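When you get a sec, could you build the whole thing from the sequences and use the hints?
One line per chain: the protein sequences are V and R, in this order. Sequential numbering of the first sequence, starting at 1, is according to full-length UniProt numbering. Sequential numbering of the second sequence, starting at 1, is according to full-length UniProt numbering.
There are no misleading hints in this set.
Listed next, the in silico DSSO-like pairs over lysine-lysine satisfying Cα-Cα at most 27 Å (straight line):
hint	chain 1	residue 1	chain 2	residue 2
1	R	K40	V	K196
2	V	K27	V	K40
3	V	K423	R	K420
4	V	K420	R	K420
5	R	K8	V	K196
Simulated from the structure, these hints should not be mistaken for laboratory data. Note that the coordinates shown come from a computational prediction; the quantities given were computed from them, not determined experimentally.
2 protein chains.
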Amino acid sequence: MDFAYNTKFPLVVIIGGGFGGIEAAKKFKNKPVNVLMLDKNNYHGFWPLLYQVAMGSLECESIAFSLRKKFDNQKNFRFRVAEVKGVNPVGKYVETSIGDIAYDYLVIATGSTTNFFGNKDIERYAMPMKTIPEALNIRYLILQNLEAAVLKASKEEREPYLNFVLVGAGPTGVELAGSLAEIRNHILTKDYPELKKEEMKVYLVDFLPKVLGPMSEEASKAAEKFLRGMGVELLLGTKVESYDGETIVFEGGKSIRTMNVIWSAGVMGQIPAGIDKEKIVRGNRIKTNVYCQVDGFTDIFAIGDVAASITEKTPNGHPGVAQVAMQQGVNVAENILNIIENKPLEAFSYFDKGSMATIGRNKAVADIGKIKFQGFFAWLTWMFIHLISLMGGRNRWIVFINWVASYVSYNGGNRLIIRKFVKETADAQKNAVTKADQ
Amino acid sequence: MDFAYNTKFPLVVIIGGGFGGIEAAKKFKNKPVNVLMLDKNNYHGFWPLLYQVAMGSLECESIAFSLRKKFDNQKNFRFRVAEVKGVNPVGKYVETSIGDIAYDYLVIATGSTTNFFGNKDIERYAMPMKTIPEALNIRYLILQNLEAAVLKASKEEREPYLNFVLVGAGPTGVELAGSLAEIRNHILTKDYPELKKEEMKVYLVDFLPKVLGPMSEEASKAAEKFLRGMGVELLLGTKVESYDGETIVFEGGKSIRTMNVIWSAGVMGQIPAGIDKEKIVRGNRIKTNVYCQVDGFTDIFAIGDVAASITEKTPNGHPGVAQVAMQQGVNVAENILNIIENKPLEAFSYFDKGSMATIGRNKAVADIGKIKFQGFFAWLTWMFIHLISLMGGRNRWIVFINWVASYVSYNGGNRLIIRKFVKETADAQKNAVTKADQ
Numbered sequence: 001m002d003f004a005y006n007t008k009f010p011l012v013v014i015i016g017g018g019f020g021g022i023e024a025a026k027k028f029k030n031k032p033v034n035v036l037m038l039d040k041n042n043y044h045g046f047w048p049l050l051y052q053v054a055m056g057s058l059e060c061e062s063i064a065f066s067l068r069k070k071f072d073n074q075k076n077f078r079f080r081v082a083e084v085k086g087v088n089p090v091g092k093y094v095e096t097s098i099g100d101i102a103y104d105y106l107v108i109a110t111g112s113t114t115n116f117f118g119n120k121d122i123e124r125y126a127m128p129m130k131t132i133p134e135a136l137n138i139r140y141l142i143l144q145n146l147e148a149a150v151l152k153a154s155k156e157e158r159e160p161y162l163n164f165v166l167v168g169a170g171p172t173g174v175e176l177a178g179s180l181a182e183i184r185n186h187i188l189t190k191d192y193p194e195l196k197k198e199e200m201k202v203y204l205v206d207f208l209p210k211v212l213g214p215m216s217e218e219a220s221k222a223a224e225k226f227l228r229g230m231g232v233e234l235l236l237g238t239k240v241e242s243y244d245g246e247t248i249v250f251e252g253g254k255s256i257r258t259m260n261v262i263w264s265a266g267v268m269g270q271i272p273a274g275i276d277k278e279k280i281v282r283g284n285r286i287k288t289n290v291y292c293q294v295d296g297f298t299d300i301f302a303i304g305d306v307a308a309s310i311t312e313k314t315p316n317g318h319p320g321v322a323q324v325a326m327q328q329g330v331n332v333a334e335n336i337l338n339i340i341e342n343k344p345l346e347a348f349s350y351f352d353k354g355s356m357a358t359i360g361r362n363k364a365v366a367d368i369g370k371i372k373f374q375g376f377f378a379w380l381t382w383m384f385i386h387l388i389s390l391m392g393g394r395n396r397w398i399v400f401i402n403w404v405a406s407y408v409s410y411n412g413g414n415r416l417i418i419r420k421f422v423k424e425t426a427d428a429q430k431n432a433v434t435k436a437d438q
Numbered sequence: 001m002d003f004a005y006n007t008k009f010p011l012v013v014i015i016g017g018g019f020g021g022i023e024a025a026k027k028f029k030n031k032p033v034n035v036l037m038l039d040k041n042n043y044h045g046f047w048p049l050l051y052q053v054a055m056g057s058l059e060c061e062s063i064a065f066s067l068r069k070k071f072d073n074q075k076n077f078r079f080r081v082a083e084v085k086g087v088n089p090v091g092k093y094v095e096t097s098i099g100d101i102a103y104d105y106l107v108i109a110t111g112s113t114t115n116f117f118g119n120k121d122i123e124r125y126a127m128p129m130k131t132i133p134e135a136l137n138i139r140y141l142i143l144q145n146l147e148a149a150v151l152k153a154s155k156e157e158r159e160p161y162l163n164f165v166l167v168g169a170g171p172t173g174v175e176l177a178g179s180l181a182e183i184r185n186h187i188l189t190k191d192y193p194e195l196k197k198e199e200m201k202v203y204l205v206d207f208l209p210k211v212l213g214p215m216s217e218e219a220s221k222a223a224e225k226f227l228r229g230m231g232v233e234l235l236l237g238t239k240v241e242s243y244d245g246e247t248i249v250f251e252g253g254k255s256i257r258t259m260n261v262i263w264s265a266g267v268m269g270q271i272p273a274g275i276d277k278e279k280i281v282r283g284n285r286i287k288t289n290v291y292c293q294v295d296g297f298t299d300i301f302a303i304g305d306v307a308a309s310i311t312e313k314t315p316n317g318h319p320g321v322a323q324v325a326m327q328q329g330v331n332v333a334e335n336i337l338n339i340i341e342n343k344p345l346e347a348f349s350y351f352d353k354g355s356m357a358t359i360g361r362n363k364a365v366a367d368i369g370k371i372k373f374q375g376f377f378a379w380l381t382w383m384f385i386h387l388i389s390l391m392g393g394r395n396r397w398i399v400f401i402n403w404v405a406s407y408v409s410y411n412g413g414n415r416l417i418i419r420k421f422v423k424e425t426a427d428a429q430k431n432a433v434t435k436a437d438q
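In structure tokens, the structure reads:
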């Protein structure tokens, strides 16, 4: 296959069109390289707003942008929809679903996936939320379970359909909990006159004793107060033991009957095959040096969630956030150009712009350097930063209109079940096993 | 099950939340009836814009609206997601996926589905476009085939992926052809620098010798001129003989290699089981009297695409358009109330507001009574009418922004493959048969 805009230039293959891959590719504009980006999807997703897709308040397409369209004015850029199966560092090629592709420089920017910590039952029955189809599945499951609840005659029968358990109290869990509480508080009885507000319960679970673990104490405390005020039940310092699709059991024996478990308790790097095991560190991340080079190579780089630049200052690598990936994307492109131009490499240094989480209407928390603030102004800031970070003017307008409509009406979002989601249940599973046994 | 807001009032069951069902339900607001609407989806779809969902220029959720939300301020309205399996006119109940439901009055507003005229191969391999998932499948198929074309080395190998054949030159076929031509003319080489405009071909096929059959001669001629000007190849007076997923063959022997066949050549009523065969007329529609009552019943009504009010003036019933369904929805509600109040029934009379079709940027045709106009003003009118007809202010704004963005940029829409569509092919089919035979 021929990906060369100019055959005199080397080919940089970037695996992944996430925050890191995009920034790297952009930096190569008008530079003496050919860029080929591979991604299993033809779009870039703005994951910080994915929970709003799951909650039905945004269309999935307003948080995503076509990778081809994004780069349609960059002549040295090519794109292919492809799944990368492995890397061959000796032969200098990647094995993909569309054939082997030789590279001169390789950037692994494959991101992370949900970590179920080896619990197969949880993996089978709980809902992960790391991709758009997964977010849509959550939306459809929730709506289907509300529809199912309406059909049940007794409170006891309705209970598992109306209990929502969010495992993992990081930004995703907190934002989901806040959104679900708002659905309960403002929308439930409008849409479902048959249901009672009190019957819908939202639980937020974490094995840590606080929400938003990596943020400041102020942010964590404020978020807990906001969540409690909205009626979210916090189960902190609580470890999940098992989930069979119908009942979630916690260490110590407490359990909740629920058909709705969303799992955002951990992530792990998605590493293509062919990377030596000794180069893989905690969280399934690839060990890199300060130049984002994979340990032992000068032509293979790794950035973002899949990489861990292990230094004295960062013994576990950098946090798995978009800002790290974006800054590493720029660094990796500069360093590849430095190599080509025989210039010295530049060490990566992370500039932490801060972190934020939103809980609901007028409620957010922000840690920006030493400045920590919570409440209405944090919420405005959160919205502004997320709006301007979205890709595409059209997307920005559409998200803005959705937010205004939600704010004014207390009843945003369309809540449509476009494709039914078929959830595995313990019973369905038992039946499947029985059939296989026959 | 209990659907009664007021147990003293009779229960009207409406099957279907389309144009007809919605108008009927609205008309019952604050009237002495209980209304139960059943639909297999939890939304109402604005089908005149469905082709824009298929073409990737609109998100599916901007043309759909939650049925629960639509009626959240109508106290005597209840809704259930349910598939209706059959009607029992003697026992006065409907059989559904959520159990049997007794009615006092029944309104069948189940609409129509794609008519493949009994050709099983076409049904298997061609793409229908009557539902949102079907429109999304078309979008994904087209995008996947463009991605596939990029991977092919020779023009001959690319050909079937880049030939688009639209069967049926009614408004849907014409609108799809125009949109595909615009994608070819303005977007193809921007998104896919590897492809050539000339290699993508759009064919519009109809067995009639003209496009937009039921519209005026002026509209038809203008549409043909617009389409030809945009590079659409018209195959009129041409009948499809077969399609095996790779080659479409026409009567007389001409054939086109194509992986992309969209079938909008006909519709047929979707009738629940339990309606006597002698009450079913041409196009699989239920024969009704002028009061929209199903022939022989006073408590069962049928409206919209599934119904044919056969009179001397309308020997084939009314055209299968939204306006008929909406006006019949109003009539049916009034007549049910008339029966309850012992008043005489009112005969349905259709007020034809005219018909329109859009071909592309600045190009549309309109027949409004005796006034016929084409071109820019018709296009503006088309947009205005479709915008104000959409349900929900949010949807209107979002569609408006999408249209403005497309008009300004010549590059609207996001064109994302959210869920891969797996198309059956003749080969896959052959393999499947082989496996089953083993």
